[in-house]
Amino acid sequence: MNRQRVAWLFLAPALIVLGLFFLLPVIAALALSLTDYDIYALANIHNLRFVALSNYWLLLQRPLFWSALGHTVYFVAIGVPLSMGTSLGAAMLLNSPLAKMKPFFRTALFAPVVTTVVAMAVIWRYLFNTKYGMANYVLGHFGVHPVDWLGDPHWAMPTIILFAVWKNFGYNMIIFLAGLQAIPIDLYEAARIDGASAWQQFRHITLPMLGPTLLMVSILTVSGYFQLFAEPYVMTEGGPLQSTTSVLYLMYEEGFKWWNLGSASAVAFLLFVMMFAVTALMLRLSKRGEGADA
Amino acid sequence: MNRHRLSGTLPKRSVFRVLLAVCVLAGNSIVLGSCAKAPADDHQLILWTIGREGEAIIKLLPDFERLHPDIHVKVQQLPLTAAHQKLLTAFAGNSTPDLTQLGNTWLPEMVALNALEPLQSQVDHSGVVKRDDYFPSIWSTNIIDGTLYGVPWYVDTRILFYRTDLLKQAGFDKPPQDWVQWRTMLGALSNPTQHRYGILLPTNEYEPLMALALQSPEPLLRDGGRYGNFESAGFKRVLTFYVDTFKLHQAPAITNVEAGNPWSEFGRGVYAFYLSGPWNMGEFRSRLPAAEQGDWSTMPLPGENGPGASVAGGSSLVIFRTSTHKQAAWTLIEYLSQPTVQQRLYDLLGDMPPRRSSWEGASLRDDPKAQAFREQMERMKPTPPVPEWERIATEMQLVAAQAIAGELTIDQATAKLDQRADTILEKRRWMLDHPQRSDAR
Amino acid sequence: MSPRMAKALINGLLIGGAVIALFPLLWMLSVSFMQPGEASSLPPPLLPAHATLGNYRELFVHAGMGTYLLNSLLVSTGITVLSLTFNLMAGYAFAKLHFAGRERLFQGLIGALVIPAQVAMLPLFLLLKYIGLVNSYAGVIVPGMATVFGIFLVRQYARGIPDELMEAARIDGAGEWRIFLQIVMPLLKPIMVTLAIFSFLAAWNDFMWPLIVLTGQEHYTLPIGLASLAREHSQDSELMMAGSVVTVLPVLVLFLAMQRYYLEGLLLGSVKG
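Chains as they are written, first to last, in the working numbering: chain A, 6 to 299; chain B, 151 to 591; chain C, 188 to 460.
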């Protein structure tokens, strides 16, 4: 009745926007990935053909797709634990009753999060310049030979991971900090009376109490890190020797540089399927872990 | 005259600012839609440049605007690595400029999109752009299916840079004329144990192999660009020569990333030859110390039997179909095609002019190192005029790198290459076999 | 470990962390005032020998940074105002209005969060091409006019509003719009501020979509303009640092001024149902 209509009127603008500019394109992407949309189709839509799954099939045979996937998995597998470890460490420092000037440190550690990725990536390019970069200069004092951070195929991805950790750890730090503050103090006191070491306290109180937060944060971080794009775009342009070409970078090049929208959509969907699978796997494993604990 | 230009542009710009402010205040999607496109300036010509040329052209334009006070040119510089994407998205979004600089390997693609304006009638009536004055092969890269779509602006062909002193030390007075002589010299100049090689051919650059491949008497694609033709005897000989250079350790199997700074290594004599393009004239002149400037020179590519061909690369100037200022755009193309202006472009950037009369300028005529390019330009061959060529060339290099690594024999490599080229060309074959569809625009 | 040493260690680590976090930002600021070429010397200078505003002048006079700044302000403000309006309305409806299929629809929206936005980008470009919005401000703004995250945030917050307030107003004969505007909106003010900051920052920092949909320099936002400059002027570190300052400073200042709201929102958004 009337109340219903009012509710739908309130919903309409947002639902129309999301439906038209998100849901519809997602469905269209699935359809597009089954066609050979390319520059010929861009010139004239009659040149579009239905090709079933052949985009997917061809992709799976392309070495570049596999190497892009490899680089992305590398970035996620190293970057996420490193990033979360840093976040947790920083949060525990901030949560310590011994820490001084907490608001200042919290703001300072969080500042990189709100900055613009592109601008920060530009800065890092100079800080990690082989010849004049601050990184090599400082390391030089410790007798380390200059490293070609962004020009050496072996170092480019580690440098990007380092950048991503620096840029992002503050976000999870805030969430962990809230989680830590919610742990009752008397749990630690009881443990101390029982003679538990700091490590044991961390292992048996902090980690279990943070459990749900950790799971949620790791799932969000994993899906965020799978979407690696701006960093290689600005810092390395996918190079050197395509060693930093991520799946999304491949999608961007395939789609907007070569205008193979069909196969680019297939790349996007494969990424989606992979992210979904990894997230589901993480949820599943955590459930099993809980079951084992109980 | 200048006053007119100022009054023509400045107030409009501030009108635009006000419009912007209105958009902000309104904060309403319908208003935003109408604010979407900046108001077009009737006298404003938008020119896109790619890479280094943008900086130079800004210096050439004041003279043009003095001659044509009614035309104001707005230059937008695209970084080379982002240019292809910007051109295609601009076409898709109907926001192409009036004219652009366009690499001639991208020209077939833009023509396939029906994005470019045919220029034959303008050339027919032009007192400046004269076909016969241009090097024939560079002119022909602008003709697709018999129609002219661009005017060559500068030529980017590949030649050999070489160390005259090292050749002399090894007992060679003259640079090599054919592959046999070249092979002998490469062998004499290489000493891998001392980290010395005849030549640097980065294994991730397709241009050197492509320049050699074009020397093959057979075309690289057959049946009107429907299939790869890499299993032809000619290409097999080219690939054998190229791969042998690595197998004989006359070139290191490294990428240009691993090669790092090729100029100083060339200066130190790590490489006696370097197969590269015009921009390196400037690089070598600025990077090598004065004492070493007399020790290097340039030469056209040796061929299988006597002087060989090289690639007819470079950039053209093209006008977009959607431009509303085609006459003004052509006026600018004519200006940039004048020999004196092309000579200034050479002086600014080292871009080699595509017309013979431009080479009469003192800085080119009296420069023996530039003359090697002049000679090569009479012996250039265009790349196959299909939009897919760049992708095929990339595959060619990947397969060649596998052959260098010993993973494929020459026969296996060429067979694999033909197979990949045929896959890439599948859509083109289908298009050509369904002409009624491709013509229905 | 003695408490004193523990204290020194913890604070020492915090100082070290803060230095690492802030150093690139301070270095950027310092280099932006250096003379061209000054930063490319050994040892790398920390402070400008003779501070200059020349890089900023160059950026605004020749590199079109003023236009990019204006574009960024316009686009980010547009997205913030519109998405705030739409998300508030929808979030309120999900929290407080009754309609058939409410829970299922909401679950569906939350489920859509697992789909990465990039999946939609290719067809979205084609869609905007046919509407004629490619290379326009609207092309950037329109897809950002509503977000699942924003709706979720508002719903969580609005659920705390007592139903009695609205029932009382209905009995007094107030229309639904008046209830929303005069009773609900004032109560939602804190979440509005939070959401506004979030939207503005996200829009300001967004890269991939504007990169795709904006083809002409005259519409570039700051990140796109900066990335394009960085590819052309990679040698001019001083100029690029000044460009980074212009890009980052507005959001950094906004964050510092509104930190409390931002961090609250971050926590609220992370507590998933």
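Warning: the hint list may mix true and false statements.
[To be verified] Simulated pairs of lysine-lysine, DSSO-like, Cα-Cα distance not exceeding 27 angstroms:
1) B:Lys324 to B:Lys566
2) C:Lys194 to B:Lys476
3) B:Lys566 to B:Lys280
4) B:Lys577 to B:Lys566
5) B:Lys566 to A:Lys262
6) B:Lys318 to B:Lys209
7) B:Lys476 to B:Lys224
8) B:Lys577 to C:Lys194
9) B:Lys519 to A:Lys262
10) B:Lys209 to B:Lys476
11) C:Lys316 to A:Lys262
12) C:Lys194 to A:Lys107
Derived from the structure by calculation, the hints contain no laboratory data.
- Query: Hint numbers the structure violates, sorted upward?
  - Reply: 1, 2, 3, 6, 8, 9
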